[in-house]
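Undergrad: Whenever a hint applies, use it, and build me the whole structure from the sequences.
4 protein chains.
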Amino acid sequence: MKLDAVGITNVTYPVRIREKGGALQNTVATISLTARMPSRLRQSCVSVFTTVLSKYRQDMHATVFPELLASVRRELEAEQAGLTMAFPYFLAKEAPVSKTSSLMEYDCAFEGTVGRRNQLFVRVTVPVTTLCPCSKEISAAGAHNQRAEVCLKVEPRGNKFIWLEDLIGLVEACGSCELFALLKRPDEKFVTEAAYNNPMFVEDVVRMVAQKAQAHPDIAWFSIGVESFESIHKHSAFAYVDSRDLTE
Amino acid sequence: MKLDAVGITNVTYPVRIREKGGALQNTVATISLTARMPSRLRQSCVSVFTTVLSKYRQDMHATVFPELLASVRRELEAEQAGLTMAFPYFLAKEAPVSKTSSLMEYDCAFEGTVGRRNQLFVRVTVPVTTLCPCSKEISAAGAHNQRAEVCLKVEPRGNKFIWLEDLIGLVEACGSCELFALLKRPDEKFVTEAAYNNPMFVEDVVRMVAQKAQAHPDIAWFSIGVESFESIHKHSAFAYVDSRDLTE
Amino acid sequence: MKLDAVGITNVTYPVRIREKGGALQNTVATISLTARMPSRLRQSCVSVFTTVLSKYRQDMHATVFPELLASVRRELEAEQAGLTMAFPYFLAKEAPVSKTSSLMEYDCAFEGTVGRRNQLFVRVTVPVTTLCPCSKEISAAGAHNQRAEVCLKVEPRGNKFIWLEDLIGLVEACGSCELFALLKRPDEKFVTEAAYNNPMFVEDVVRMVAQKAQAHPDIAWFSIGVESFESIHKHSAFAYVDSRDLTE
Amino acid sequence: MKLDAVGITNVTYPVRIREKGGALQNTVATISLTARMPSRLRQSCVSVFTTVLSKYRQDMHATVFPELLASVRRELEAEQAGLTMAFPYFLAKEAPVSKTSSLMEYDCAFEGTVGRRNQLFVRVTVPVTTLCPCSKEISAAGAHNQRAEVCLKVEPRGNKFIWLEDLIGLVEACGSCELFALLKRPDEKFVTEAAYNNPMFVEDVVRMVAQKAQAHPDIAWFSIGVESFESIHKHSAFAYVDSRDLTE
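Chains as they are written, first to last, in my numbering: chain X, 334 to 581; chain B, 334 to 581; chain P, 334 to 581; chain G, 334 to 581.
Accuracy of the hints is not assured; some may be wrong.
Pairs involving identical chains hold if they fit within one copy or between any two copies, as the list cannot separate such chains.
Stated by the list, open to error - Okay, derived cross-link-like pairs now, DMTMM-like style, lysine to aspartate or glutamate, Cα gap no bigger than 25 Å in a straight line:
(1) K567 with D392
(2) K388 with E444
(3) K522 with E408
(4) K388 with E526
(5) K486 with E444
(6) K335 with D578
(7) K353 with E427
(8) K567 with D440
(9) K517 with D537
(10) K388 with E427
(11) K432 with E408
(12) K353 with D551
(13) K567 with D537
(14) K335 with E412
(15) K388 with E408
(16) K486 with D575
(17) K353 with E412
(18) K353 with D499
(19) K426 with E408
(20) K388 with D520
(21) K432 with D537
(22) K426 with D578
Quick caveat, the hints were computed from the structure, so don't treat them as lab data.
TA: And the structure:
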């Protein structure tokens, strides 16, 4: 009986991710590495996986995926090999008015398989502010708002490469306002007013991200999930779409 | 633009689950409730969801799913409504030798959709011991072993109902040994020796659960994931199969 | 060498908590049970702990603590026994305008020791809204706001008993606004405006809770921590005080 | 009313930690930064904190703590400033027989305060194997074993500096066996037999670490907690000691 996936999960490893600007960014990844296994598999798979991971640790990044997966697949004589690599990724951002620079963190991931299926997915989780249109409309002053997380997962078209920076930028333009690590007083005034002037439900955020992702020439498929940590409730508001359901 | 799912997540609620023996078990569920939304959706969806949840809170269990989902769908004029309800579930177990009874906890969930798709999934996560066959074979004495978690998710055939108790029992028979909350000394001797005499890799556990699930007359589809928290490593060993891939 | 604590942690158990109104509420607790051990300890401590826990499972609540701890201590001939029991606790709340009732969840805990020290602590974690005074002051319209969590831990004076309901109510009066599971439109207008008219930093929330706790006749000691999940940042704002530092 | 701590938590930041060998290791830290506040505090504290953090981000490590905290304290005119910085830390380890090198991850932290109290704590969390003495003694063959986590927190004596590498090494010598990321077959035989020949309860691990910490000339105070993820139970075994209680 062949299994879809046998391997190791929850491996933590320092990795370097290539930035759009060309530099290599140091971060720490949580990794899963699996293979679709022939029935006669020797049990050394964990050892093979770990050896391959160790070999690439000095310079592991997205473009290395096909090569790394191909060697796992070859060593194990597996029909298919799969790798997921999730990591915090940092971008320097300028505050909107004072232009003070600070570092924002985004949870990102690469997922790939080589073998029966050859696929690569890129995933970014981007925090934004959502300000409730209903609350604004019915209230004499103010409107409830909160942090929300937008998770955008894309499959690039053909051999196209999509930068994390571009996906993050695409999403940050789609909330009531984007977030910053450091804001001076004029910046705080700016983001407060920007959010108030741009109320959005989670559904609105999903739709806006979906429109931009549909218009992107290098995205073949995407899914978008938004979870908003409501300031007036203990639960979250949530919306989700898969691009395959948009064409029905 | 229609979205696949709009709703609320991370709602915590006391619920009562019907046991195989007939009693109602009190537990606490984490709930997500969503709907596939028409484009003209009024924003009252969160209110509708919460109202419906409140209405069923005194006696919410698996058999209530279709009814609960149908009312959400109707109220929202949605094409589809979906509900996920995850909760700890408790079974009294007798220790293998002393027959002392103690209470074991299992993470369980029901997931359902009503509308374009009418589906119900039942999921159990069951802890077992895995004892490494390789470690036993090559060592003069002893063998490394550890706790592992088996996640079995099934779709019942047609309108069949499958008890959580039956799925848990199916899985517990498939590790090197099952777990107990309370073991006296003769019990501890029993489980230590049972595991030593029954070495299994994560792959072996997946295959054995898969064979039992394939043989079950009321299971239409299943997936099985096993994560073993290796005692000699900081990472986990992992194996997974989807029943659709077994027939290829 | 005597150890401060030996025992078991991460035990999950169904328990019943007595409500202020007299009823017993069913919930699920995460439990740690430890003892300060004599050097000659037999290794049966886990078994003793589990037996005692099993014995009290049908009706375990705060008033049972001294009795439960005393039996653990006696069985193990331990100098001291300690128990922590954390659980979600539910209160029915009426929405401020429509008076619609819904169920709110609060993370609560009892912690106790019997032996060298005889102590009991009661802990509630209560979500509130915080609306930023600075953001309101400098902005033409609106103000950033978000969910915050207030953790109040108290030691009752002497043999006084303090209800969870009373601690939760004390805290809910100290945010920019309290939270509800279900709000109709007039309620949403009410809470939006209430928060806008009552801006508070995390420091303000801590100070207000501290003043009420100081004024409470049955509270001998307390600590207060507030974490606010800022809607304009990815990090949290935080403030903390221990009542012993207020008198210096 | 002065508060013990006002500031920010859950800030994620790339940092560089100096290794014992002299190199700088890149990792990602989760940071809390607080100050004991004068009553007239301006609300710019978050801005000050973030500015100071940003300034040190290119080369932040333990020896920088007093300087970083002193500037926070000065800027805010605070009585006291506090910083906690937790991060995964990686060490290359050789397998015991094959000498194959692989990278192990350890959760580490620095905690410090400057002001009323001047303190620095260093914390390491080290995974080890525990093999149950009772299970070995009573069973015909084998013995249950599992991964355990040892958390050692120390306060260095005077101005002494203690390397993370030394604390990790101290703890790794105190389990039934230490863990490795990569083991060849002869290594797996070695660690299996080593654990079987060295059975230890969680209490034994705590006592052995305590003896080594007491004997260390540069450790003024310590606490040790061990949690063992029992392979035959769903709960954990736990033991804890604070060095102040050893001298009573």
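Undergrad: Which numbered conditions among the earlier hints are violated in the structure presented, ordered from lowest to highest?
TA: Hints 4, 17, 21 and 22 not satisfied by this model.
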